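Undergrad: Make a model of the complete structure from these sequences and hints.
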Amino acid sequence: MGVIRYLRDIWRGAVSLARGMRRTLYYFLRPKEIITQQYPDNRLTLNLPERFKGEVVMPHNENNEHRCTGCQACELACPNGSLKVIYKYEITAEGKKKKAIDKLVYHLELCTMCNLCIEACPSDAIKMAQTFEHSVFDRSQLIKILNKPGSKIMEGVE
Amino acid sequence: MWSFQQAAQQIHEWLSERMSAGWALALEMVLAGLMAIGLFAMLGLILVLMERKVSARMQVRLGPNRVGPKGMLQTAADTLKLLLKEGLTPDGADKWLFHAAPIMAIVVSMLLLAPIAFAMDFQLWDVNIGVLYVSAMSSLMVISILMAGWASNSKYSLLGAMRSGAQIVSYELSAGLSVLTVVTLTGSLQISEIIRSQADGWWIFKGHVPVWIAFVIFIIAITAETNRAPFDLAEAESELTAGFHTEYSGIKFALFFLAEYINVFVLCGIGATLFLGGPMPFHIGSWEGLNRIMDWIPSSVWFFGKTFLLIFVIMWFRWTFPRLRIDQLLNLEWKYLLPLGMVNVLLAALIAIKGWHF
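Residue numbers (the numbering used here), protein chains in the order written: chain E, 1 to 158; chain H, 159 to 516.
Rather than coming from a laboratory, the hints here were simulated on the basis of the structure. All of these numbers come straight from a predicted model, not from anything done at the bench. There could be a bad hint or two in this list.
SDA-like mimics (lysine to any residue), calculated; alpha carbons at most 20 Å apart, straight line [unchecked claim]: (1) H:Lys228 with E:Ile86; (2) E:Lys53 with E:Phe132; (3) H:Lys493 with E:Ala14; (4) H:Lys493 with E:Val15; (5) E:Lys152 with E:Lys53; (6) H:Lys228 with E:Lys53; (7) H:Lys493 with E:Trp11; (8) H:Lys313 with H:His257; (9) H:Lys228 with E:Pro40; (10) E:Lys32 with H:Lys253; (11) E:Lys32 with H:Lys228; (12) E:Lys32 with H:Val218; (13) H:Lys253 with H:Arg210.
TA: Structure follows, in structure tokens:
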């Protein structure tokens, strides 16, 4: 039945084209769906998506404590060596040696925001921040030390 | 009530009182030419802005919004920029053809404007073969594209031009056949006659099934004839940089750009005239109140409203569908649109003979 198949092909084609056109018309009629942000104008009322990845930061609590154990998982996970854990050994109260970070060096100029370090971290010590205005005049300012000076590991984080 | 037809009549009388008939005619021709050029410039600005705004909305963007209120002056600024740019002629180009091609393009668009009725009884040239004239002139568009492609001495341009040739030669047929459907029902090729035949209802309502099919085929065919996406193989920026106008810059590029939009406008105007009644208002049978209100809206508003509706549909195509390959393009024409169009003309002839239309 060549003719029937021929007409059915035309019908199917028309229906599938109409489906596409309905989708574009849907967006045409709904200006609220527009996702463009007029960036320099709305700088104070930015509305970034939840999972926007700006840079790697290490959150500290009010006692200047972080959750990093210095396990180097992030350093191993990083595909281009943006993270470097410089660790030291501390003597605990029981007289044992325990690994701890001295510095967590983060090279923003190398980072591709791939999120692998955050996924690798077993103790949720680092996360992605929503900041994105990173331009500086001197390249060396892009090398950041994530742990604040004088900070130490939080109680109970192993 | 004020109308284009009355204004033209008054100007004609005013001129006839003051000078001989020959001079009056000459002056009227100059006036008409100036108005055509003015319309060209306005349409260029408006349609490009409309295209950008429509595409932005369909792609969930904002579109131009910096120059002037809501970006209204963006195209004016762009035009100014294009006028100031250097017009480059490539080495090894066929100089004469290279310079003639954009002029040819714009002249063809201007010629197309002649038989269009912009309002009731307001036409430059009411020739008795108006529809035939339009289809003849619109197939001349390809000549300027072939000239540009050949003269540029560039492989991108030549490829684009050759594709455009194959495309327009094929789609001309189904455009002609779908126009023929309405001509069969009307029994005339004259634009004013076709408009008058729709006083008691547009052909899209009166002619039912064959006219619906013809309308769809016509819209597809003019999208292809004006080289717009999804049939923009002649330009195909992702394959051929810019196709036939790759080597053009500045004002010559602007002329090609303008000609494309004018062609869209003119062919949509023809579509509106043939299928949607042109300047005829929308009437529903015996609803006196509604018909009175519809009559009160000027006929020029009706014409431009319908034309811009069709232009919107064509833009809607462009920002929805991906580009066809050349074999798919020719398949669509020769295996689907042309047989359908032929059967459709026979159906329309049957309906016209039997008087089954309303």
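Undergrad: Give a verdict on every hint.
TA: Verification of the hints:
1. H:Lys228 with E:Ile86: violated, 54 Å
2. E:Lys53 with E:Phe132: holds, 8 Å
3. H:Lys493 with E:Ala14: Answer holds: Lys493 of chain H to Ala14 of chain E is near 15 Å, not above 20 Å.
4. H:Lys493 with E:Val15: holds, 18 Å
5. E:Lys152 with E:Lys53: It is violated: about 26 Å lies between the C-alpha atoms, which goes past 20 Å.
6. H:Lys228 with E:Lys53: Measuring from Cα to Cα gives roughly 32 Å; hence the hint is violated.
7. H:Lys493 with E:Trp11: holds, 14 Å
8. H:Lys313 with H:His257: With a Cα-Cα distance of about 18 Å, the restraint between Lys313 of chain H and His257 of chain H holds, given a limit of 20 Å.
9. H:Lys228 with E:Pro40: With a Cα-Cα distance of about 17 Å, the restraint between Lys228 of chain H and Pro40 of chain E holds, given a limit of 20 Å.
10. E:Lys32 with H:Lys253: violated, 51 Å
11. E:Lys32 with H:Lys228: OK: Lys32 of chain E and Lys228 of chain H at ~16 Å, within 20 Å.
12. E:Lys32 with H:Val218: holds, 9 Å
13. H:Lys253 with H:Arg210: violated, 33 Å
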